Amino acid sequence: MQSTLVALVEDKPGVLTRVASLFRRRNYNIESLTVGHTENPGVSRMTIVVDSNRTNVEKVAQNLYKLVNVIKVEDVTEQPNVLRDLALIKVHANGGSSRSEIMQLVDTFRARVVDVALDSLMIEATGTEDKIDGLVEVLRPYGIVEMVRTGRVAMARGKSGNGHK
Amino acid sequence: MKKTGAEIVWTMLEHEGVEVAFGIPGGTIMHTYHPRQDYGVHHVLVRHEQCAAHAADGYARASGKVGVAIATSGPGATNLVTGIATAMMDSSPIVCITGQVSTPVIGTDAFQEVDITGITLPITKHNYLVSDVEELAEVIHEAFYIARSGRPGPVLVDIPKDVQQKSTEFVLPDDDVDLPGYRPVGKGDTGLVAKAAQLINQAERPVILAGQGVIMSGAMDALRAFAEKTDTPVALTLLGKGGFPESHPLALALMGMHGEVFANRAIQQADLLLAFGMRFDDRVTGRLDAYAPFAQKIHVDMDAAELNKVVQTDVAIHGDLRQVLEQLLPLVFPNDHAMWLERIEEWRAQSRKRNIINRPENGHLVAAHFINEIWEATEGQAIVVTDVGQHQMWVAQYYLNDHPRSLITSGGQGTMGFGLPAAIGAQMACPNKEVWVIAGDGGFQMTMHDLATIVQERLPIRIAISNNHYLGMVRQWQEFFYDKRYEATPLLGPDFVKVAEAYGIPAWRAQNRREAREAIATARACNGPALIDFEIAQEGDEANVYPMVPTGAALHEMIERPAYVAADYKSLTSHQIEQAPVMDTTLA
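Residue numbers (the working numbering), protein chains in the order written: chain A, 303 to 467; chain B, -17 to 570.
Just chain B, same shape as in the assembly (with noise of 0.2 angstroms):
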């Protein structure tokens, strides 16, 4: 049967299962648009293409589905780029159709005609230029294989306007796709898991780091199995939230920069590392040359490259994940870590007399206290979508996560502007879930025009702008590391329940915790979609996100989450960094 080009993507399309893509078309795609209707693909119009990118991100990471953006060429395409960037460093399967220039016209500086293929190369897992539709379909095919499968991650086809115009006899790909250099890897190197047993076994201060490898191989039950087999407990990286349940009693809670500060002590004092699909991100260490001293390092990732890439390992295994868990747990013996653990619980109950949960009420509303807020109501059942900020750090310490995909946010990038639209793609995923996203008032004004979005659609969403009228992250480190010198951080914002308003979305302004309880408990009656403006405090000890480990520190050189109401951060810092002891140890 003859199809044309702009028939055989949405053919392959709806053969590949897509069900929903987000895009905005132009003059080289709407030849691609023409015929959507006659096929079962919904299509949701987003109002920059910069929100395509990020929705199809957000759909990706909340079903484990590809996620599918589509633009036109030129400035379309470039609209992209952002949330291309941002799918490739979270490794985030979507796949991203645009137009280009008809193919007698490529290199000539044609309208609209930008070179995608050249400026998305180094943030794509591949890319293609179609430059004749008998190829069109095989293309779209491995695009999808390739985007889901090894490491996810995005890939572009760029198909000029001929392509799609021209007709062809359509043939349906074979599943197994032609590519002779690509071979995702499975089961681990058994000599060298072999050689992981016999550390785990001997270990006695294990450490488990958890990464967004656990949720993408779907290792979670393997992880929890691996975890309560050997009584290890289980530090996770903010992607790697969901991968263990935050309830469980071995869970350590966040690591990292903003981690807790047991946690990151536990990961300083251990004298084994599990690394599970993770990547030592420079947020997570620390100084390098000060990590984990005493520890032997297992590692398990599913791209080589990432071994022995900035922490030298004793054992590395490339492999997935799932699958060399369950290669280990016959050879690992059940074990009892009672000691280390209970030492663990000391330095737990120290980080919890610190917590802001439990500082007195004092009229001012922190953040912490409106996400303990949102988790407490949704009973940490909801899919949180954070932007990027401070707020983001709050959420992944105050919205534990029992379950894979229920935090989306954007963390290698750390893209701003994110939230809203990967919030789009959420609740497309999961339109029977409780989808929140919450934002600094800075990365929502990133991307607000897309509430026109969230209407269009009557997508049930719940948006929390955690507003200090500031770049809090930013105007944070001023703060500590630039004499408080606040240039360019102060923020003018609209008024934000207004401009809710103005989209047909009922709003409320919260100033105090009481409000803000109220506030949410009105906004998850609503039916559609509901915006709460929180007015948080704007500086000093409550606007500031603790702990940290300031650039250039050991990961154990944390400033702690205050005690007290402390006058300004100068007092906090001389007696209140804390230097982890240092352990006999064996293995040291």
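Excised from the complex, chain A in its bound form (with noise of 0.2 angstroms):
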């Protein structure tokens, strides 16, 4: 099963080595991890995904508290949240009729177009990983040139804040 930590940290030179290193030390399995900004300036937001069949969440948390950096980590696998990822995914199509057929799927998954070239398309996807997934299942057949996703960032919804002020 996965699970999802969000955790603030200070944004200062070396803190995402200091994390990552973390993980390498006491050997967890990171399945994936995003950074951005906040609302507040000086800190930053990291979603952490970890496999916690092979890794004891808590343990995680515990240990990136040791972190100095680390302001707070909030397990939000069991509320009410949102999780998303973003894709951008360049296809080849190069007319006939993969070209429209591939704007039929684009519509079905509520993704977008972002590029037109001769030979390829690229598409805008967002959404849980899930939904990525499918989308790229069925692009695969008209053949994938490149592809990025961010990784899941994560929001529990409702009511609070992330407490940090």
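Hints were generated in silico from the structure; no laboratory data involved.
Computed from the model, here is a short list of chain A residues facing chain B with C-beta under 8 angstroms: (1) R320; (2) S323; (3) R327; (4) K361; (5) Q364; (6) N365; (7) K368; (8) V370; (9) N371; (10) I373.
Reference listing, derived: stretches of chain B covered by chain A, where coverage requires no fewer than 3 residues with Cβ under 8 angstroms from a Cβ of chain A: (11) 101 to 107; (12) 154 to 165.
What you are looking at is a predicted structure, and each value in this text was computed from that prediction instead of being measured.
Beta carbons are placed, not taken as given, at the ideal position from N, Cα and C, and that holds for glycine.
From the two separate chains plus the hints, produce the assembled complex.
Below you can see the structure in the form of structure tokens.
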């Protein structure tokens, strides 16, 4: 099973290295890790996905807290939450029927075509990882030229903020 | 007032109460050394940076204050690494200040450039690369705060040469640090404390496992009050020694791999373990699935990551031990565990029969003998600093500690070469105390160059070499588990008496118990340093550390101390490996 941790960290040089070094040193298995800015200047937010069958999620959180630059860690797995992944997918499409078929698939998945070239289309898709996996599967027969995914970002639904002001 | 980075370093060290720093100058740190004489910080020049880190560590462990080590960039910084890892594993508060190449050339593979913050990332509690002189004062203040607070540990501050040279308007940082993610814990959760008290009040066969956390949180008095009120015996980890007086009737001696049989038996038969400021190291538990099978477990630690890390506990309290004990004290009932304690006393009496001290004189010198002689001569009041290996275990067994910070030893990392430099730090911290180093001939040879530092600083350190001409602990394992193939363990050493004399240190050799006693008396009468080379038994029962829990065995499956001199190990195992009887227990 996958667990999703959200960590607020000080936006200082080397913090990502500290987190990555911690995972390596404690032999934790990380499925994905994303970092970005938050509403607070000086605070970055990490979304960390771990395979909880192989890694004790509570221990990950406790060890993250031992890093001086880590402000707050929350396991949002069991909370009502929004989980999103963003993908850019360049698909082979050199005219004929494939181009229109791909456009239909893109519509079905509520994705968007963001670039059109003579022999390819670039598609932007946002959603849960499952949804993007599904899109990738149906696009694969056309020939995926290039793909990038951001990895999961997560936020708990409703009332509270992340508790750090 | 304008100050250079170098001046800020010393100003801040003074501000943090630093009296002594250990180090070696070099290209990128000499600018910081330059103004040192204008400040009230004594500098101890060591002979290898590893010794600077160990000395800072020894200073910290003896005094409870933060130790300071200084080194230049590149090899100076990397030489600190073993000492930093040692301090990290044993939660010792040190601050290491390293020079770094100037900021414009960082990353260009400049002369003596090394990424020391990268290298020490996993072995420091925190570290800094100071890129702007404006940050320097605040960083040093934070470094000391982080090193000494919470679960203490090493902090490294890497300062590029140009940052040391630049000037800025100096403003003393606020006492309060701005570390939003760093909150050392205080009291324990009241609900969990109440639950713990309930288990304690119901227990019939409780045992306290006291670790270094007792000493670090200053919980000695609270622990004693708790143990006496609840009538609970106290077993000690290696680093816990000194946290509870070993002369106390409730003291159970060292636990674990080379712990006393009666202590380990008590743990295995207990119905409640109270783990106070310890971390269930594998050297303490033996085989995990057979560890204290009848016991419910309460664990108190100030590092949440230690709770339920290796042993699953029934109540895990995240808190400062002294404060948690003070919370617990009014909640626990005065108790009487006479039956349980009597039973332990029977086991203790059985162990006592096998005490090496009681073995008849046969002309050989056994390490336990001279360690016991030192203990008697110093009335247990000395600070004893050990190296790592067999002698370390014999010290743990035969130099009993009644006071905190009286045993200084590398536990978690087991760093050979630690003893001599750590003793330098301990003696600097406690100039009026008698300091003994007890080291094997292997470990001593790893850092014996720092005899020069002892002489230079006129430190009256007494050095005892437990000399069996082997890497003794490895040899013992080879004897037990590797068909007695003594691969790479016979050890050529110099004439240690002559080595000492070459440094101007008086020295003697002792080959039997009488000579040992005399040499100890003579060494203690010296005004300055003294060294004794104790030639001890090299092989056989007298040269092995017992009792021993072999790797993979349960804690009660100990090889006992021989009651007689057996021909070899095999004849011992057949009838002397004891299994603790399975008890009838309501809680099992």
